[in-house]
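K.L.:
Here is how the chains run, residue by residue.
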Amino acid sequence: MIAAARMQAVLIARSPDLLATLAVIPLYSLVFFTALVHHHRESAATTVALTAFLMSLWSHAVFVAAETVDTDRREGTLEPSLLTPGRYLAALAVRVGTTTALGLPVLAEVLLIGRLGFGLPVRIAEPGLCLLVAALTALGVAATALLISGVMILVRGARALQNALTYPFYLLAGLIVPIGVLPAPVRAVARCFFLAHGAQLLRDAAAGTADGAGPRVALLAALVAVHLLLGLLVLRRVLASVRTGEVALHA
Amino acid sequence: MPDRRTPAGLRAVLSTALRQFGHGLISSHQDYRAMFTWRSWAGGWLVRLLCQVLFFATLGTLLGSAQATGEIAFGNAAALGPLAALGVVSSTVGERRSGTLEFLLVTRADPFLVLASRGLHWVLDGMLTSSVALAVVPLLLPVPLQLTALPAVLAVNLLVSLGSYCLALTLAGIALRHPECRMYLTAGTTIGYLLLCGITTPVPQDGLPARLAAVLPITHGLALMRDLAAGAPFSYGPLLAEAAVALLWGVAAHLTLGRALRRAVRTGTLVLH
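Chains as they are written, first to last, in our numbering: chain A, 2 to 252; chain B, 354 to 626.
Since the hints were made in silico from the structure, they are not lab data.
Watch out, some of these pointers could steer you wrong.
Here are the computed distance ranges between Cβ atoms for each label pair [claimed, not checked]:
| no. | chain 1 | residue 1 | chain 2 | residue 2 | range |
| --- | --- | --- | --- | --- | --- |
| 1 | B | Arg392 | A | Thr78 | 27 to 37 Å |
| 2 | B | Phe456 | A | Gly120 | 30 to 40 Å |
| 3 | A | Arg7 | B | Glu533 | 14 to 24 Å |
| 4 | B | Thr620 | A | Pro17 | 41 to 51 Å |
Derived contacts from chain B toward chain A, CB cut-off under 10 Å, selection only [said to hold, decoys possible]:
| no. | residue |
| --- | --- |
| 5 | Val485 |
| 6 | Ile544 |
| 7 | Leu548 |
Model, not experiment: these values are computed from the prediction.
Don't be surprised by glycine CBs; every beta carbon is placed ideally from N, CA and C.
Using the sequences and the hints given, assemble the complete structure.
P.N.:
The following block contains the structure:
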């Protein structure tokens with residue numbers, strides 16, 4: 002598993018295009034910070050910094066981590082990987098997780114952009130809790146990438162819809178404003194969405210208002226665990242279909 | 354080759370270019386049909402773009418200003434056209450990946466015309482999604498848009514989108530030589546647009562950012578669209594400025610995607626795989 006993680010890190014480090022989302026998406030914080038400064042709403046700086054962080058994490062998972070298996074398929078390494086005695090699914094999950102984890106340092110990056118670039122009062126009141134929630138959220142995002150990986154193998158044309166998996170989920174997760182402002186039916190769905198819980202917990206941990214965070218962290222962990230289980234089950238089912246020839250590997 | 358200096362020769366050249374453009378447009382339409390079905394377009398792509406507008410509009414809610422919410426929503430709805438035009442960078446690099454670029458380059462046709470016409474579906478898609486957003490978002494948010502002004506706003510948006518398309522073709526010329534830069538170029542330009550052109554934040558008024566904003570598509574056109582949407586009379590100044598910017602990027606695109614590409618093919622410096 003360590004070998005799989007190391008290999009994925011090396012592959013990404015040697016492919017500058019795979020780091021593009023991590024390099025560019027955090028720069029959305031420039032747009033958010035500029036808007037705050039213009040409207041004299043500097044007090045919301047930490048909120049929008051966390052928004053840019055979560056956007057980067059999600060985009061990196063959807064556009065890079067989720068493509069791991071598709072890249073294997075395109076380069077012809079998926080077939081031999083499936084034939085080896087080692088568990089490809091476990092190796093793939095580790096590789097997707099490694100790719101997603103590379104998005105975690107963006108949290109420090111966006112906070113620094115706000116503080117050093119704009120002189121804004123970005124602060125994290127409870128760094129330990131913030132890191133724990135960020136790590137749990139990253140695990141949930143990696144689980145999403147696993148789910149998308151399965152769909153990308155199964156459904157032709159899924160790539161075209163990959164782009165559609167960003168802003169609807171940012172809205173659903175209440176990345177800028179809490180989900181309380183969403184219409185009631187959408188709010189009900191958002192309450193089951195790990196990213197909405199992660200975003201709100203991150204905001205509260207940063208503001209130091211996450212009193213009694215234990216049950217909320219436990220709920221987030223449970224939602225992430227369900228999501229991860231679902232991602233692994235879907236991908237296992239899809240890979241089993243590939244092995245039996247039910248799914249064409251080449252167009 | 355017909356002699357361009359004679360009227361008949363010029364007519365023949367123009368006719369060939371138009372025919373070539375028409376063929377490119379047809380294949381562009383086919384590419385788009387292969388990418389989306391009506392269902393995936395309406396249920397996936399369009400929903401995503403409407404959510405994009407609403408997402409940025411929620412920034413106005415965070416700012417505590419209904420006016421900011423409306424202005425940001427309008428800016429982002431109008432910007433869907435020029436932002437979609439950036440898609441041509443990916444599709445042009447896609448020609449290289451799918452092995453069709455060689456065939457396009459070995460024909461006698463002008464590579465600039467061929468590649469420029471092959472990506473026109475991005476402009477049409479952007480115009481369509483932007484029109485839908487400008488019609489739908491005012492139903493949900495207090496967007497400063499008088500419906501009677503919508504046709505004029507869309508006409509200006511077409512010019513803005515074409516300007517952005519020319520900028521995107523310039524980037525495509527670079528991305529064809531350095532495909533690893535594709536995402537950096539498109540995502541970086543998107544953020545540059547959002548930051549400098551008055552879409553989500555005000556247009557910078559001084560220094561290098563102001564000078565950059567002046568030569569980017571969208572800046573002048575969006576200011577005019579905002580004025581028209583608010584009921585102000587038509588003004589030629591920003592329109593001419595936007596047209597000049599579009600022309601500037603059109604020339605740049607011709608240089609990077611036409612001349613430079615032909616030279617790279619001649620000298621064998623273009624790595625196709």
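K.L.:
Each of the hints needs a verdict: does it hold here or not?
P.N.:
The hints, checked one at a time:
| no. | hint | verdict |
| --- | --- | --- |
| 1 | Arg392(B) with Thr78(A): 27 to 37 Å | 33 Å, holds |
| 2 | Phe456(B) with Gly120(A): 30 to 40 Å | 54 Å, violated |
| 3 | Arg7(A) with Glu533(B): 14 to 24 Å | 22 Å, holds |
| 4 | Thr620(B) with Pro17(A): 41 to 51 Å | 25 Å, violated |
| 5 | Val485 | 15 Å, violated |
| 6 | Ile544 | 5 Å, holds |
| 7 | Leu548 | 5 Å, holds |
Consistency with the previously given hints fails for numbers 2, 4 and 5, ordered from lowest to highest.
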